[in-house]
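If you want the building blocks of each chain, they are given just below.
Protein chains: 2
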Amino acid sequence: MAQREFNVDKNASFSEWYNTVIYAADLVDVRYNVQGFVVHKPWSTRVLRKLYSLFEAELEKDGHEPVSFPVVIPKENIDKEAGHLEGFAPELFWVTKGGNNELARPLALRPTSETAFYQMYSLWVQGIGDLPLKYYQSCSVYRYEHETLPFLRGREFMFIETHTAFAERAEAAAQVAKDMVIARRVLEGGLGLALMQFVRPHWDTFPGAENTYANDVVMPDGKVNQIASTHMLGQHFSKPFDVSFEDASGEKKYTFNTCFGPGIWRVMAALIAVHGDNKGLIFTPVVAPVQVVIVPIFKAETRDAVLAYAVKARLALEKKGYRVALDDSDKSPGFKYNEWELKGVPMRLEIGGREAEAGNVTLVRRDTHEKTVVPLAVLPRAVARAGKALAKELAKRSKAELKARITKCKSIDAIGKALDGKGGFCRVNICSTGSEGTACGKLIQERTAGKVRGMLYGADEKASGKCVACGKPANEVVYVARQY
Amino acid sequence: MAQREFNVDKNASFSEWYNTVIYAADLVDVRYNVQGFVVHKPWSTRVLRKLYSLFEAELEKDGHEPVSFPVVIPKENIDKEAGHLEGFAPELFWVTKGGNNELARPLALRPTSETAFYQMYSLWVQGIGDLPLKYYQSCSVYRYEHETLPFLRGREFMFIETHTAFAERAEAAAQVAKDMVIARRVLEGGLGLALMQFVRPHWDTFPGAENTYANDVVMPDGKVNQIASTHMLGQHFSKPFDVSFEDASGEKKYTFNTCFGPGIWRVMAALIAVHGDNKGLIFTPVVAPVQVVIVPIFKAETRDAVLAYAVKARLALEKKGYRVALDDSDKSPGFKYNEWELKGVPMRLEIGGREAEAGNVTLVRRDTHEKTVVPLAVLPRAVARAGKALAKELAKRSKAELKARITKCKSIDAIGKALDGKGGFCRVNICSTGSEGTACGKLIQERTAGKVRGMLYGADEKASGKCVACGKPANEVVYVARQY
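First to last, the protein sequences are chains A and R. Numbers in the working numbering are just positions in the first sequence, counted from 1, shifted up by 3. Numbers in the working numbering are just positions in the second sequence, counted from 1, shifted up by 3.
Just so you know, these hints were derived from the structure itself, not from any lab. Take the hints with a grain of salt, since some may be wrong.
The list makes no distinction among identical chains, and a pair is therefore deemed to hold if it is satisfied within one copy or across any two copies.
[As the list claims (entries may be wrong)] In silico DSSO-like cross-links for lysine-lysine, where the CA-CA straight-line distance does not exceed 30 Å:
no., residue 1, residue 2
1, K339, K64
2, K64, K334
3, K323, K391
4, K13, K445
5, K395, K445
6, K413, K137
7, K64, K53
8, K137, K323
9, K78, K399
10, K315, K137
11, K83, K323
12, K181, K256
13, K64, K391
14, K406, K469
15, K391, K322
16, K100, K83
17, K339, K454
18, K399, K226
19, K282, K413
20, K137, K322
21, K282, K242
22, K315, K64
These figures come from a predicted structure and were not determined experimentally.
Next comes chain A alone, as it looks inside the complex (with noise of 0.2 Å):
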């Protein structure tokens, strides 16, 4: 059912190639008819599946615990913080009939669940020895957006939520700080998608928020992607949900509260585009659907022979827990190798009646194309290792792809120029983050259509000379970059 023929150019228009690899190697069908919202594919299905464990494994050796709330929030809790409600009141989606009746109250699908967790975290907060509280959902979420684009904005988006609440703001700070290692280890450890983790400006914080950090990808377009973001919440839900304990001298006391947000489907979009190439996509083994595709080369005479021997190549393969496809339709092995490297698959084997009888295999990868005669008796060996290089051959052309798209700026039109070209990140000095800089911002935004991410998250970057915006003197070294 794919549409086989793919031939765009991912550096001449990246949209188009982008717009039309997702559907032919099959990801998604967009033609389901509510606007915003798609229908995933088996293939897609299975990476985000991936996805999620990966994340899912690293919060649960961090301690936080799976748990499943409601899809629904009634209008009541979204309410209770000024800032959240505020910031998401246009995107809400509202559930107001059940049958024929009108709900007495509307219901909206969840944007995002502080609202809903918060209400419970306060009949579960009795005391402090019921804290700290790490939980995570694994959920879809709802926004009402206008302009939407698979993985990339959604009415209906996949996601990660955490929710945590702890009795001393410092513990809840240190968590910010796992959020961010547990992001750099899978997104850049597991995934090779080369990081830029911010720490927010103060008028760029989610909605109801103290502080938001957050990590951004960059797209071949040159624009950024916000994959994962962690917030401070402070206390900012644990007083209007009257989250709080008594602490030893009696005296009521508000957790403090933080939340991380894994944006599955953005992750998914940064696989897509930062990885594939013009044959198609590109999975790194730990997430590909399949890891190896087997494809027989054969004659009438050797058919037998060679579908036997491709056999038993997988079998090798599947006993050490690889997943691997053997395509023995009739098509031909060239459209075999197109169509696999269109899907992403990380290593094919051909395997034809020479190999069969010298007991080899030939492997290729899918990054570099190279490939390697290899006798089936080290072939789980060998993929192992073609695997890792592989991975690591995609971790290195990221990371050079985000350095080169680096520039630093002295001017708001050096920024515009940057942005316009190459795109990417404009390292600049500005004077503040804070309130403070609010103007700024939106003058840099105004000129530039760029935002300013924020200070880079854990390196301590020293400002000099001016404020690009106000001209008064610089405080902070930030990043501005076009996002989607």
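Using the hints, position chain R against chain A.
Just chain R, lined up with the frame of chain A:
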């Protein structure tokens, strides 16, 4: 946070037992402020995930692939199949607003997704080469129910739905048979839940189906819980949605469709209710979030040695892939025993100073409370054996319970009496399960509050005598039960 008190007699008051245990064992919190929507705590979330994966593994072995469809279905889709619309209209939740805008078309939260899948299938089926389609999605569904009870009937509940399309009716029929095998394999084989498999009577088919095949489990109060059902949809959906292809002779043919709905939530209800006892839940090892809990027993002077030894036992089991908890909290051993028994952990290790010295552990089974002293060296094997024995014992109990709940009845009065008494299934002779029998089905229901569950699937029971309802010659043997 669990409510530790648990002192309800399951036999004396099943309903009180059920409502208490799901809260005491920390499965759900029903205090979320939207009726019929519950919060799933980690313990139930983990079991539900395992239930999903048991079914998913079987479905994938049978060639189904995972997809993920939107949560909303436009009204126009639901309108297309008259019976389906009529069946679901009173149960639909409607999304009518986005932000401050009325949506142009109301969107239903999926009550089940035939009308979403078949719309897409009409795009995906072009030729016979595209068939069969066998997809499933793991998701929650939404129904505007009035009486709700966690895991049994909710406004949001967890579900798997498969949707298939075949060229030939015989293939669809074969899929129905496969689904029934999968249900039996997972529910009875894997989880030890004794099943009755039925062909539902004509007047009780799924809206839009030709025939419904279902799996019923008897609950401790004698009412039955329909856990999974398969529907032969025939061409009821393929015609209005135009899921069609040209056959070899150029004739337009409509596909034959089936769908299978394992009710993950309802499986959970059955696990809780059927296997639980007056001490709480009992999970079989295959789904238990913790399979073995280790309770160390020490005085101040033996503390370090006992804990070190307990860690050794834990590692020995974890190395073999077991999910183990070592409860080294400050509570008393007795308190811990109660707590972990309440939560249904199938095996417990008691480790004291004597065991540590002798290199033994005491292994206690949750179902029989049988204690065995086991040398540490053979612990994983002993745990494997005990786990199997426990699963077997639970299955045996469930089978015996089911058998004891089947009563042969020759009159409607006898049905009423049996259902008022031990409940379960009344085996009766009836004129017909076709539309001619509708009035008899209705009469039985009016007089006994029992429903005709259908003919035993895969058995060929011979009717004798007269229809219990109309007195005409009986042609079919059916089973009557009260249901959840």
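Problem - Contradicted hints - numbers only - result: 4, 5, 6, 9, 11, 17, 19, 21
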